[in-house]
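Asker: Given next are the chains, with one letter for each unit.
2 protein chains.
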Amino acid sequence: MHTTYIPIGPSLAKNGQCTFTVWAPVCNAVQLVLGSSPTLPWQMEKGEEGYWTVTIDKVTPGMQYWYKLDNELQRADPAARYQPQGVHGPSEVTDTSFNWTDDDWQGMELAEMVLYELHTGTFTAAGNFQGIISKLDHLQTLGITAIELLPIAQFPGHHNWGYDGVFPFAIHKDYGTANDLKQLVNAAHQRGIAVILDVVYNHLGPEGNYLQDFAPYFTEKYKLFWGGAINFDGQWCDGVRNYFIQNALMWLDEFQIDGLRLDAVHGIFDSSATHIMEELTAQVRLLEQRAQRRKILIAEFDLNNPRYISPVAQGGYGMDAQWVDEFHHALHGAITGEQTGYYEDFGPLEDLARSLQHSYVYTGQFSKHRKRHFGREPVNTGYNQFIAFVQNHDQVGNRLLGDRLSTMLSPEGLKVAAATLMLSPHVPLLFMGEEYGEKNPFLYFTSHSDEELIKNLREGRRKEFAVFNWEGEVPDPQDEAIFRQSKLSWQIDEVPGLFRLYKYLIAFRKERQALYNFRRDDAVRNIRVQNKVLRF
Amino acid sequence: MHTTYIPIGPSLAKNGQCTFTVWAPVCNAVQLVLGSSPTLPWQMEKGEEGYWTVTIDKVTPGMQYWYKLDNELQRADPAARYQPQGVHGPSEVTDTSFNWTDDDWQGMELAEMVLYELHTGTFTAAGNFQGIISKLDHLQTLGITAIELLPIAQFPGHHNWGYDGVFPFAIHKDYGTANDLKQLVNAAHQRGIAVILDVVYNHLGPEGNYLQDFAPYFTEKYKLFWGGAINFDGQWCDGVRNYFIQNALMWLDEFQIDGLRLDAVHGIFDSSATHIMEELTAQVRLLEQRAQRRKILIAEFDLNNPRYISPVAQGGYGMDAQWVDEFHHALHGAITGEQTGYYEDFGPLEDLARSLQHSYVYTGQFSKHRKRHFGREPVNTGYNQFIAFVQNHDQVGNRLLGDRLSTMLSPEGLKVAAATLMLSPHVPLLFMGEEYGEKNPFLYFTSHSDEELIKNLREGRRKEFAVFNWEGEVPDPQDEAIFRQSKLSWQIDEVPGLFRLYKYLIAFRKERQALYNFRRDDAVRNIRVQNKVLRF
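First to last, the protein sequences are chains A and B.
FYI, in the working numbering the residues of the first sequence are 1 to 536.
FYI, in the working numbering the residues of the second sequence are 1001 to 1536.
Just chain A, same shape as in the assembly (with noise of 0.2 Å):
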């Protein structure tokens, strides 16, 4: 690709000159109305592409804005950095230094990865950045390496689990500001824990999206179960990529976060002769040398291609490692017996053992729950481009009452469970409080304001649950109660000895060189089921 990435959003020097940039190509007049007197609005210039800027002297930190489009539509920034009154309020100019003392930290390899998946509101009573950052002490005990915060873009009302973001440049609110997440950043480099950020680059939020109003970022092209999909492959797409891309260089590049967890990325539709994903690689492969850290991203995927996580020589867009829920659906099926929903295509122990030596269960076989062959062999991968777990936000927060493992299997199960996880070939993650048994659900929660679409939420949720067949009445996630039950519980004996087996397993595997830096033609080759007993 010869794109010209291009910075979007505000630009403040020291100085107090703050430059202004905001991509609206089809836009015939873009203004900038800054501060309390909105009578007297900034013209913008239309550049190239058609990127506006505006450049301004004695611009202060805390300043609000909004550009006026076509001398009509009063909008927040796409690209804001933070949004004090929200996702319907006006954006404001932020201070972006920091005092980094973490000089020396390189990132991270992922075969020395075991992961942390947190959700930043329920993860400690304050349900912010600085109470993640209270934790960390315990996290560093119990050993594990890196954290994954649940995305933390502006997203409507107060909480969410983060995948209705409309601001994907800005903080919630909620959970800290810009310095706040770099103190974070900061607190965990200097104790030897990576951060990888959940980002959402295949849809927006319903709720304070007016992204629409600026560009084609959306298209028709492509239907997506949760709505419109990202133009990422028509007319004008060299603005929308150019803004996913800036925006995943500034959670690496200034916020020095280690890598990117991207969500679903089989509703990322992209048919151009590079691909999406393709071109970010290589966009922070070059971050990579200018910053002279490692930087890591994975995939959250479910069409069993090892495209994504292939060599871009071998045809591959070159990403580093991607999520395999069926290594979760395997385990999950046989330790459970579950078999509505998507556990229909699992149980047997022999899926657990082929995801231990293929990644994938499915490579082509025939799936009864996606009523189609599907997959194939992960050629060209090794196993730790493979994140496996036994629970995550996903697994948990979408059964109708959020419950975890801990509610369903003995401390015995549980056991079986963490061993299975720790010991695999692939790279572990854990999910918030699954290290101690939490019993606390975690539930569905938004706080969106819009009343269609709440009824809209609602009813989709029941439908999604049908399938499962699952009995009870489907919680409320308008209903605040449901957010405070998801907060953890923080008792660490609530199943004796499964703390102290999880800080054992984690070290073990850290002590053990043949335990994350498997190639998969020299790993697992001895793999057997014998009387719903799996050795390898």
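You can take every hint at face value.
Here are the simulated lysine to any residue pairs, SDA-like style, with alpha carbons at most 20 Å apart:
| hint | chain 1 | residue 1 | chain 2 | residue 2 |
| --- | --- | --- | --- | --- |
| 1 | A | K223 | B | F1225 |
| 2 | B | K1221 | A | F225 |
| 3 | B | K1415 | B | E1494 |
| 4 | A | K439 | A | P496 |
| 5 | B | K1371 | A | E220 |
| 6 | A | K415 | A | A507 |
A short list of chain A residues far from chain B (calculated; beta carbon distances all over 12 Å):
| hint | residue |
| --- | --- |
| 7 | S11 |
| 8 | Q183 |
| 9 | E350 |
No wet-lab data here; the hints were simulated from the structure.
Quick reminder that beta carbons are idealized off the backbone N, C-alpha and C, glycines included.
Based on these hints, arrange chain B on the given structure of chain A.
Answerer: Just chain B, lined up with the frame of chain A:
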């Protein structure tokens, strides 16, 4: 893929026993209504993956049949070999035997091909396969080595380019029988001429398309310019994939066709781990081995992405070649000066130079017409994987008046165009009549019967032409005169010396190995444009 490949349609044995197979995975009952006693339908049995079969004795060629779905809908066979009353009538059992006399034929490599694209209905006064056979002497004199037939699958009405076909396995009845087509292929092979067939796997025509009554052949997930996309990756897609793969194998195996030109593969959306083009190619490679004959797969493809024709080992789909419209656009722009529609992206001779060197003109630059950066370098491909032309059915027929270059250029201009094509490193394709400067237009013609469709079609044509700013009334595609005007005149001396020049250039090309066996790195090293002269 572990897909099961299942032959479909009627399979008539010499002893009169006939097995009918039809794919209808979501039907609960399928019956065969055979011959003239529709009161006695045959119950079919549902096998694996939704294939219904029944075997019946004493079946003879010429017997007509329908399928009855869920005791309600009476429908022709989606895999019918013959539709004696057209797209709305019953199917007919055919005799598939033929006495081939081309045993020495081994197929043909792309590098040896000089292609000649023709439309069966307008190529001769007869407008059928026998007409083509009567012109094989002319084609042999000209020296071309392969004919490429526009689609011949059964379409509604009597005349149509062929892209509105709705029975991909049935030969359009006005063109002749299966036996006639086999006679043509046999006669061509005996003259050393290969036969390529244009097939449409990205959509079905809008009239007489009953496929959705049998199975989920279509999807709402992707939106095509011309309607519903084919379901290559959703639930039940295995049967859809099998349907088109069986179709390709039928032409290449039973009809001994040498290769397929796949219409607009950019309209085929497939997020499967194994793209349908890769799967099709693999099946065709197996056929090559069985038949001991070279079989060629050519994609019409406008996304400047070499993945379709790159080797599978390098992450490609392994197809043999693709059309390179940009060679045409660059040449057409340079010699006619046209600048409207997609020609706005072309003009200077440098564009033609780029295509001569890189095959694609756009390998990442910004395209004004597409409003985005577009394409990438065709790495891992050779020149003879690109089919170039100065005219084709689309480039002539999608002009307002269907006017050929012969009505726009002087005889000298036509000769320059001919020489540029025949001396280009790409595989050349001529459009019927081009060799002698045919003056008759090739217009867009249809003979639909659905009034609503006809109205939309007329409006659509008008809109399509709007961007070109061409002057004049849009001819009515439904007017039979349009079809008749589009027939070749066969005035071989139309442009003095042109036919002789084409003969000379073809012979010149065939005699010079270097001209048709180019590797990208040792050809066209030195190309310069100076004072409107291009040298290489």
